[in-house]
Amino acid sequence: MTWILFLEQALNGLQFGLMLFLLASGLTLVFGIMDMINLAHGALYMVGAFLAAWLAQLTQSFVLGILLAVPLTALFGMVMESTLLRTLYARDHMSQVLATFSLILIINETVRMIWGTDMPLAAPASLSGPVELLPGLYYPSYRLVIIAVGLVLAGLLYLAVTRTRVGAWVRAGASNREMAMAMGINIKRLFTLVFGLGAALCAVAGALLGPLMAVQVGMGETVLILAFVVIVIGGIGSIWGAFVGSLLVGFVDTFGRTLMPALFREIFPPQVASAAGPAVASIMVYLLMAVVLFLRPQGLFSRR
Amino acid sequence: MKALRLTCLLAATLIAAGSSALAQTPNRIKIGLVSTLSGPNGALGEEIRDAFNLAVQLNGGNLGGVPVEVIVGDDQFNPQVGKQLFERMVKRDKVDFMTGVVFSNIMLAGLPEATNERVFYVSPNAAPSPLAGKECNPFFFVASWPNDAYHEMAGQHATARGFKSAYLLAPNYQAGKDSLAGFKRFYKGKVVDEVYTKLGQLDYSAELAQIRAAKPEVMYAFLPGGMGVNFIKQFVAAGLNKDIRLLLPGFGADQDISRGVGDVMLGINDTAHWALDLNNAANRRFVAEFEKAYKRLPTVYAAQGYDTALILDATIRSVKGNLSDKDAVRKALREVKFDSVRGSFRFNTNHYPIQNYYLREVKKDAQGRLVNLLASPQPIATNHGDAYVQECTMR
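First to last, the sequence lines map onto chains B and Z.
Quick note on this note's numbering: the first sequence kicks off at 1 and runs consecutively.
Quick note on this note's numbering: the second sequence kicks off at 305 and runs consecutively.
By construction, these hints were calculated from the structure, which means they are not laboratory data.
One or more hints might be untrue.
Some but not every residue of chain Z turned toward chain B, in silico, with C-beta under 8 Å [said to hold, decoys possible]:
hint: 1; residue: G346
hint: 2; residue: V499
hint: 3; residue: D507
hint: 4; residue: Q514
hint: 5; residue: A517
hint: 6; residue: G530
hint: 7; residue: S680
Computed Cβ-Cβ distance ranges for the label pairs, DEER-style [said to hold, decoys possible]:
hint: 8; chain 1: B; residue 1: V97; chain 2: Z; residue 2: Q694; range: 49 to 59 Å
hint: 9; chain 1: Z; residue 1: G365; chain 2: B; residue 2: S126; range: 48 to 58 Å
hint: 10; chain 1: B; residue 1: L259; chain 2: Z; residue 2: R392; range: 39 to 49 Å
hint: 11; chain 1: Z; residue 1: A517; chain 2: B; residue 2: V272; range: 55 to 65 Å
With a Cα cut of at most 20 Å, we get these calculated SDA-like pairs of lysine to any residue [to be verified]:
hint: 12; chain 1: Z; residue 1: K502; chain 2: B; residue 2: F251
hint: 13; chain 1: Z; residue 1: K668; chain 2: Z; residue 2: G564
hint: 14; chain 1: Z; residue 1: K502; chain 2: B; residue 2: A125
hint: 15; chain 1: Z; residue 1: K546; chain 2: B; residue 2: S126
hint: 16; chain 1: Z; residue 1: K502; chain 2: B; residue 2: G129
hint: 17; chain 1: Z; residue 1: K502; chain 2: B; residue 2: M284
hint: 18; chain 1: Z; residue 1: K494; chain 2: B; residue 2: E266
hint: 19; chain 1: Z; residue 1: K502; chain 2: B; residue 2: I225
hint: 20; chain 1: Z; residue 1: K502; chain 2: B; residue 2: L259
hint: 21; chain 1: Z; residue 1: K502; chain 2: B; residue 2: V280
hint: 22; chain 1: Z; residue 1: K667; chain 2: Z; residue 2: R600
hint: 23; chain 1: Z; residue 1: K546; chain 2: B; residue 2: L133
hint: 24; chain 1: Z; residue 1: K519; chain 2: B; residue 2: G129
hint: 25; chain 1: Z; residue 1: K546; chain 2: B; residue 2: A125
hint: 26; chain 1: Z; residue 1: K502; chain 2: B; residue 2: L133
Quantities reported herein were computed from a predicted structural model and do not represent experimental measurements.
No residue lacks a Cβ here, since even glycine has one placed at the ideal position from N, Cα and C.
So here's chain B without its partners, still in its complex pose (with noise of 0.2 Å):
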């Protein structure tokens, strides 16, 4: 393997799992605080990214069509914790699960009944090429913007976290819940404000990847999934912990999928390397999750 090669999977896996952290540092929060499974967090990544589909054909600007859509996901994130989820916090974790898939049901037949099974969504031409970063490094623009969109998100959540009063509370919830409200801290609207912001990181990641991926119907089950498996990685309610784990997560993917076939090729004749290869590459991050919860079951930085 090459160093620019090397370079350019690293940006690759930099760039995923920084889609990741949008997902999973919301999820998290909202596992970590208020001890709810939300498994509607990927529905609002979708209705994020439709909405922001939407509003772009209307504005004929994709940046005016995110900037848009994400407080408009935010507002529906809040509507839906304020209205439905409020009610299951003081149910038990299985409760939690039937309602919030059921939700994933709900919003995704609402969404195919408003915009249809998928819409269409594309980048600015202006980014639709390469850019040469090193001599013979060549990366696609498009993905540069989304790394530098990614990064400046996690240093504002970071700073957000660690420098702030509401940043305080929500430390304070996520380690000791029932003395967070014994200080005085209000609990409930904490517990809304979370919600909203969290639905906000769907939306621009949703948006985002939206030009690079699809714009469909179920587009969250399958990126929720991946972000349960970096919130368990990274620990539960741990902002940290999801950077960390999104990162590992999606560098163990990409390399993955380069090395694995690569590797079985040295090892195994031609024929089970072709078929072992790439079955393996994609059950990567699942052995990563298992080797860390077999070694640290509580994540690699627990809050509690």
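Please arrange chain Z on chain B, whose structure you already have, making use of the hints.
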């Protein structure tokens, strides 16, 4: 008591009326069409469904002179859902024929539900190699092309063009494996690498980085529908189209792909058994009527769906609508004569087609649309069958 008797009488009348209504309906044929109709690959199933329905409409709602009902189901790109639809259509709806599926893995999951109940399946697309050889099935017919065929032709073209090294990419499922096997069977250059990705994968960043490092002369990608659109867009965004020639199978460079990708498709070559401008009367009529009905140009999937309906039409006509004698239906299918939009066509002994293949090229038409037309009216292979027919023991 009186009320009860009255109810009984009423029920009896209703049943009698119902059964007499059934008896009066002359021979009505039901066809089950299961296809991928949603998601990034949903456009493929829509092409097949729309073209099939078009053929039925142009026939006045009949096939072979018998009124026909087409029952449509969306497999959602999920083999389990596809299998359930097959079971429901065969057992509950009692369809006379099954057809429709795009993807081999879904068809292989559903097919036994039909063939075990002695219901014929005429495939408008998926034609996996096992069913051409050892596992050939008396109730399975292919109206499209053997899974390997497009790729064999592409391999032959790559050899003829003198491309010394090729990089191959396909999804990790039966049709993907068939495709790369087909390409390699006819390609004489060096295969730098062959990569299998997850079926339905939409982000190809890791694969593209490897392709850049491998520096092949030609890149051959078997990626239908949304997978192809995403791959080609990302291939261009990564700047790979400057140094590496992209070669595609027919469905991978068709009108639907070009609409999604844009002008970078211009000049790309592909191989197929059909093209918009293939010069025969049936094809001219098909292309014109399809565009009139659906306001878009048909793809190979549509051509296959249309021909499937024509095959059923000719078969039903030749058995005079009597579908209960399965052996007679099979004989009629085997010897079917119809005006295919692809020109010459006949079934091999394994029920896979023997036909011509052409080299095509993405060009712009008078209206400025990207269209896939013949690069040359001369076929690159004539009366081409498949490599598995010897293994089929069906008489």
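Here is what the structure says about each hint:
For G346 of chain Z, the suggested interface contact is upheld, since its CB lies about 6 Å from the closest CB of chain B, less than 8 Å. A distance limit of 8 Å between C-beta atoms decides the matter here; for V499 of chain Z the minimum to chain B is near 7 Å, and the interface restraint holds. With a least beta-carbon distance of about 6 Å to chain B, the hint placing D507 of chain Z at the interface is held under the 8 Å criterion. For Q514 of chain Z, the suggested interface contact is upheld, since its CB lies about 6 Å from the closest CB of chain B, less than 8 Å.
With 8 Å as the threshold, the beta carbon of A517 of chain Z comes within range of chain B, its nearest partner Cβ sitting at about 4 Å, so the hint holds. The criterion of a C-beta within 8 Å of any C-beta in chain B is met by G530 of chain Z, whose closest approach is roughly 6 Å, and the hint holds. Taken as an interface hint, S680 of chain Z does not check out: its beta carbon lies about 32 Å from the nearest beta carbon of chain B, beyond 8 Å. The beta-carbon spacing between V97 of chain B and Q694 of chain Z, approximately 54 Å, falls within the hinted interval of 49 to 59 Å.
Distance hint for G365 of chain Z and S126 of chain B: a CB-CB separation of about 51 Å, consistent with the stated range 48 to 58 Å. Here the CB-CB span from L259 of chain B to R392 of chain Z is close to 44 Å, well matched to the stated 39 to 49 Å. A hinted range of 55 to 65 Å is violated for the C-beta pair A517 of chain Z and V272 of chain B, which are about 24 Å apart. Simply put, K502 of chain Z and F251 of chain B have alpha-carbon atoms about 17 Å apart, close enough for the 20 Å limit, and the pair holds.
Proposed proximity of K668 of chain Z and G564 of chain Z is supported: the alpha carbons are some 15 Å apart, at most 20 Å. The suggested pairing of K502 of chain Z with A125 of chain B is violated, with an alpha-carbon distance near 28 Å, which exceeds 20 Å. A threshold of 20 Å between alpha carbons decides the hint, and for K546 of chain Z with S126 of chain B the separation of about 18 Å falls inside it, so the pair holds. Of the supplied pair hints, the one linking K502 of chain Z and G129 of chain B is violated, its CA atoms being roughly 25 Å apart against a limit of 20 Å.
Among the hinted pairs, K502 of chain Z with M284 of chain B is consistent with the structure: their alpha-carbon atoms are about 13 Å apart, no more than 20 Å. Pair hint K494 of chain Z plus E266 of chain B holds up; C-alpha atoms about 19 Å apart against a cutoff of 20 Å. Restraint check for K502 of chain Z and I225 of chain B: the C-alpha separation of about 16 Å stays at or below 20 Å, so the hint holds. Restraint check for K502 of chain Z and L259 of chain B: satisfied, since their Cα atoms lie roughly 15 Å apart, inside the 20 Å limit.
About 11 Å separates the Cα atoms of K502 of chain Z and V280 of chain B, which keeps this hinted pair within 20 Å; it holds. Proximity of K667 of chain Z to R600 of chain Z is assessed by CA-CA distance (about 16 Å); at most 20 Å being required, the pair is judged to hold. Between K546 of chain Z and L133 of chain B the CA atoms are separated by roughly 17 Å; this keeps the pair inside 20 Å, and the hint holds. Among the hinted pairs, K519 of chain Z with G129 of chain B is consistent with the structure: their alpha-carbon atoms are about 19 Å apart, no more than 20 Å.
For the hint pairing K546 of chain Z with A125 of chain B, the CA-to-CA distance comes to about 18 Å; that is within 20 Å, so the pair holds. Between K502 of chain Z and L133 of chain B the alpha-carbon distance is near 29 Å, which puts this suggested pair outside the 20 Å criterion.
Against the hints set out earlier in the document, violations occur for numbers 7, 11, 14, 16 and 26.
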